[in-house]
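K.L.:
Given next are the chains, with one letter for each unit.
Protein chains: 2
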Amino acid sequence: MPLLVLLTNLQRSTVGLFVSTPLIMDYSKGSSVFTVPKTAPIRVGFVGLNATKGWAIKTHYPAILQLSSQFQITALYSPEIETSIATIQRLKLGNATAFPTLKSFASSATVDMIVVTIQVSSHYEVLMSLLKYSQSNPNFKYLFVEWALACSLDQAESIYKAAAERGLQTIISLQGRKSPYILRAKELISQGYIGDINSIEIAGNGGWYGYERPAKSPKYIYEMGNGVDLVSTTFGHTIDILQYMTSSYFSRIHAMVFNNIPEQELIDEYGNRLGQRVPKTVPDHLLFQGTLLNGNVPVSCSFKGGKPTKKFTKNLVIDIHGTKGDLKLEGDAGFAEISNLVLYYSGMSENDFPSANGQQPRVGSGYDAGKEIMEVYHLRSYNAVIGNIHRLYQSISDFHYNTKKISALPSQFVMQGFDFEGFPTFMDALILHRLIESVYRSNMMGSTLNVSNISHCSL
Amino acid sequence: MPLLVLLTNLQRSTVGLFVSTPLIMDYSKGSSVFTVPKTAPIRVGFVGLNATKGWAIKTHYPAILQLSSQFQITALYSPEIETSIATIQRLKLGNATAFPTLKSFASSATVDMIVVTIQVSSHYEVLMSLLKYSQSNPNFKYLFVEWALACSLDQAESIYKAAAERGLQTIISLQGRKSPYILRAKELISQGYIGDINSIEIAGNGGWYGYERPAKSPKYIYEMGNGVDLVSTTFGHTIDILQYMTSSYFSRIHAMVFNNIPEQELIDEYGNRLGQRVPKTVPDHLLFQGTLLNGNVPVSCSFKGGKPTKKFTKNLVIDIHGTKGDLKLEGDAGFAEISNLVLYYSGMSENDFPSANGQQPRVGSGYDAGKEIMEVYHLRSYNAVIGNIHRLYQSISDFHYNTKKISALPSQFVMQGFDFEGFPTFMDALILHRLIESVYRSNMMGSTLNVSNISHCSL
Chain C
1 MPLLVLLTNL QRSTVGLFVS TPLIMDYSKG SSVFTVPKTA PIRVGFVGLN ATKGWAIKTH
61 YPAILQLSSQ FQITALYSPE IETSIATIQR LKLGNATAFP TLKSFASSAT VDMIVVTIQV
121 SSHYEVLMSL LKYSQSNPNF KYLFVEWALA CSLDQAESIY KAAAERGLQT IISLQGRKSP
181 YILRAKELIS QGYIGDINSI EIAGNGGWYG YERPAKSPKY IYEMGNGVDL VSTTFGHTID
241 ILQYMTSSYF SRIHAMVFNN IPEQELIDEY GNRLGQRVPK TVPDHLLFQG TLLNGNVPVS
301 CSFKGGKPTK KFTKNLVIDI HGTKGDLKLE GDAGFAEISN LVLYYSGMSE NDFPSANGQQ
361 PRVGSGYDAG KEIMEVYHLR SYNAVIGNIH RLYQSISDFH YNTKKISALP SQFVMQGFDF
421 EGFPTFMDAL ILHRLIESVY RSNMMGSTLN VSNISHCSL
Chain U
1 MPLLVLLTNL QRSTVGLFVS TPLIMDYSKG SSVFTVPKTA PIRVGFVGLN ATKGWAIKTH
61 YPAILQLSSQ FQITALYSPE IETSIATIQR LKLGNATAFP TLKSFASSAT VDMIVVTIQV
121 SSHYEVLMSL LKYSQSNPNF KYLFVEWALA CSLDQAESIY KAAAERGLQT IISLQGRKSP
181 YILRAKELIS QGYIGDINSI EIAGNGGWYG YERPAKSPKY IYEMGNGVDL VSTTFGHTID
241 ILQYMTSSYF SRIHAMVFNN IPEQELIDEY GNRLGQRVPK TVPDHLLFQG TLLNGNVPVS
301 CSFKGGKPTK KFTKNLVIDI HGTKGDLKLE GDAGFAEISN LVLYYSGMSE NDFPSANGQQ
361 PRVGSGYDAG KEIMEVYHLR SYNAVIGNIH RLYQSISDFH YNTKKISALP SQFVMQGFDF
421 EGFPTFMDAL ILHRLIESVY RSNMMGSTLN VSNISHCSL
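One line per chain: the protein sequences are C and U, in this order.
Those letters in the first sequence? Residues 1 to 459, per UniProt numbering, in order.
Those letters in the second sequence? Residues 1 to 459, per UniProt numbering, in order.
Since the hints were derived computationally from the structure, they do not count as laboratory data.
Accuracy of the hints is not assured; some may be wrong.
What the hints assert, rightly or not - No more than 30 angstroms apart at the CA atoms, straight line, and that leaves these computed lysine-lysine pairs for DSBU-like:
1) U:371 <-> U:324
2) C:161 <-> C:216
3) U:371 <-> C:371
4) C:53 <-> C:132
5) U:219 <-> C:324
6) C:92 <-> C:58
7) C:29 <-> C:405
8) U:311 <-> C:324
9) C:371 <-> C:405
10) U:324 <-> C:311
11) C:161 <-> C:29
12) U:219 <-> U:141
13) C:58 <-> C:103
14) U:216 <-> C:371
15) C:311 <-> U:103
16) U:324 <-> C:219
17) C:311 <-> U:29
18) C:103 <-> C:161
19) U:53 <-> U:141
20) U:324 <-> C:216
21) U:103 <-> U:29
22) U:371 <-> C:311
23) U:219 <-> U:58
24) C:311 <-> C:216
25) C:29 <-> U:311
26) U:53 <-> U:219
27) U:371 <-> C:216
28) U:216 <-> U:311
29) C:324 <-> U:29
Since the structure is predicted, the reported quantities are computational estimates derived from the model, not experimental observations.
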């Protein structure tokens, strides 16, 4: 292993290996605004926050707890009001009301933002009802939904349309885009530090979908059509991150989807087999290859279900090769959006390197010309599960309060696309849905598909 | 990095990590027969051996020099007889004759085996002439040709047919099959040490075909149709090795072939750019994915041209994942057949492990049941360029003299297929040619192709 230098320990060596000028790039840092804004906090209503279980209590709740001057939970809805009341008591949500119906919740004037963190299979019904019932809500402005935004492209399109007609600012939790590693990689790429990308390889290991299933694990994640599987979740998040980092959608794609493990063995919490086999209909492997629109770059992906291996390779590896250098992202789990990663960068310093953010390079360009540069970027104690969601809320806050004082800040983000600023919207989700739909179509037809139009905003 | 144990330093630890029972598997070792056989050596005629340049002097010559009791060079042919005479003098080939014409060479009664090591683009013409002129040669029995056996499937088929009609024992230098690493991996797989294979990823980096071209480098390797390129050579050798290790051909394949670098920059021997651009028509990238016939195993491959990266990944990585363990092969160059590799194995010992070669396991099966096993296999001073060719000659010798005293040794190997014994033949070459042809066809048609019939022996 060659010389690796921690970013947090900026060092320079005279033997030809030293750290580049990362200090002048800062997108990978969190927002610096933690002070109380002059105006009132954004009032948040949750569908799916339960103090005792589920995704929201582990991620959204701690994420916005750290942003208490910008966000305030004011409303909860769950099909059983007792759950909402218990959650309010347990979390001491002094400003929150438990609503008995989705209708009363959606029309409440105490809500600026609604966050939906429920099973994907319920997205369509709940969101369409929400959008209907909130028609005359004067304050409701932000609608934040967990990926995958419903179970199919059709459903996602309907939801997108209904939200667009209402003029809502939508947010989708493709939170990998807020990962500091992804943003650092995107910075290095966009500022030319690896030159032109010419090859990308990805191998991911989706923990479940293997030979064994924990008996406690919910059945729906093993059943096709519920919007949570190796293709929609593991591949979906990862390929969205890849497109975001490289600032390019795909032009052509080909995919093969496998269900080689149609039956799983139930295991208890200690890993003991219980002697019972249960059917699995979701895929356990995806082979995907294609070309990026920018530069016709070949991309090779293999997403595998089953037990993590962790012996000779990490469960997530993204290799990005360029004409001037390489980037490698590694993670212990094949879920880039919720994993703490390690980013490796290697490149060659050149005279004609772009100066970041228009500033002069920290090191004189004549001095380090042609020298090898290396960097390892890793935040040892970063909690990616909460952290990436936290940064997503920060970006909503940055937009709402215009904390960065951007003079031409748009009144609405239709889509984030590949911008550093902003956050992914339902349009970004829709584009990803189209790619996923094309994965299944390519698999079924056995054909390479031209997907260069899927990023067009029109429906 | 977990505990790694060198095979040559067999050690056992009581903490649950120890070496399995590799001593009872020995296919990865070379033949032990180095003594003078009772009968006469195999008399070898070379087309393409030149004492001062080329492939044969670097590989075939040193390889058979170590087998001087089994092989004797008795004939040389080259278009200019002076070259042959000079080679005989320089190498002190006391028993060799320089022939003035291919006809006199091919019909010489002093030749048992002809080895053809010339440019692939000349294979067809030379081999067809050889096969014609040697019709009445009483002793000519072995025909050994360098991969790729001509430039196209059509040519390869014609050569195969002509050789089969003559009843010759053919040998093709798909010498990766003789690499001790490949044989060790094949042993581990075939004896169940990684269970059922469920996923394979390959990334290779073919050194040339990149942005720069050494000015001294011969032009023909950058021109399409000469049988030496990223697909025929880099991919060809590697995928042959993969099929051989896993004992499976492919059922379905899909490929995308790229020429993203249609012009290269000429460089001198010091790497300085000479300011001259030259056209390149051979591919610089191949994306290949498919499924193995055995077990519908997903295989993902990315073969890249250009400069070796060597920073965060090796230039050749083959990851084979199974239900009980993993294998990883790594090499510094993307040419598995001529590289010294490192083989990593990790698995789980179980009671029901097959005992190798019918012998009892070295360690009591009760003792190590369920324990984790790891192994690193690397022969530090192994010269793979010569070594794999050397082992190929050994296997010809083993066959010719039946040194292993196999009672039912066939009088001819039509194909090696996936046997440990023997050597790859023109039929093995033909099957590989069919796969390569399907790669280009899949790329052109944009379709997944069913290739499950290409291993059938019929033409």
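K.L.:
Hint by hint, note whether the structure agrees.
P.N.:
Now the hints, each set against the structure:
no.: 1; hint: U:371 <-> U:324; result: 11 angstroms, holds
no.: 2; hint: C:161 <-> C:216; result: 37 angstroms, violated
no.: 3; hint: U:371 <-> C:371; result: 47 angstroms, violated
no.: 4; hint: C:53 <-> C:132; result: 28 angstroms, holds
no.: 5; hint: U:219 <-> C:324; result: 26 angstroms, holds
no.: 6; hint: C:92 <-> C:58; result: 16 angstroms, holds
no.: 7; hint: C:29 <-> C:405; result: 17 angstroms, holds
no.: 8; hint: U:311 <-> C:324; result: 12 angstroms, holds
no.: 9; hint: C:371 <-> C:405; result: 38 angstroms, violated
no.: 10; hint: U:324 <-> C:311; result: 12 angstroms, holds
no.: 11; hint: C:161 <-> C:29; result: 34 angstroms, violated
no.: 12; hint: U:219 <-> U:141; result: 35 angstroms, violated
no.: 13; hint: C:58 <-> C:103; result: 27 angstroms, holds
no.: 14; hint: U:216 <-> C:371; result: 27 angstroms, holds
no.: 15; hint: C:311 <-> U:103; result: 58 angstroms, violated
no.: 16; hint: U:324 <-> C:219; result: 26 angstroms, holds
no.: 17; hint: C:311 <-> U:29; result: 26 angstroms, holds
no.: 18; hint: C:103 <-> C:161; result: 20 angstroms, holds
no.: 19; hint: U:53 <-> U:141; result: 27 angstroms, holds
no.: 20; hint: U:324 <-> C:216; result: 24 angstroms, holds
no.: 21; hint: U:103 <-> U:29; result: 39 angstroms, violated
no.: 22; hint: U:371 <-> C:311; result: 15 angstroms, holds
no.: 23; hint: U:219 <-> U:58; result: 21 angstroms, holds
no.: 24; hint: C:311 <-> C:216; result: 27 angstroms, holds
no.: 25; hint: C:29 <-> U:311; result: 26 angstroms, holds
no.: 26; hint: U:53 <-> U:219; result: 17 angstroms, holds
no.: 27; hint: U:371 <-> C:216; result: 27 angstroms, holds
no.: 28; hint: U:216 <-> U:311; result: 27 angstroms, holds
no.: 29; hint: C:324 <-> U:29; result: 42 angstroms, violated
Comparing the model with each earlier hint shows violations of hints 2, 3, 9, 11, 12, 15, 21 and 29; every other hint is respected.
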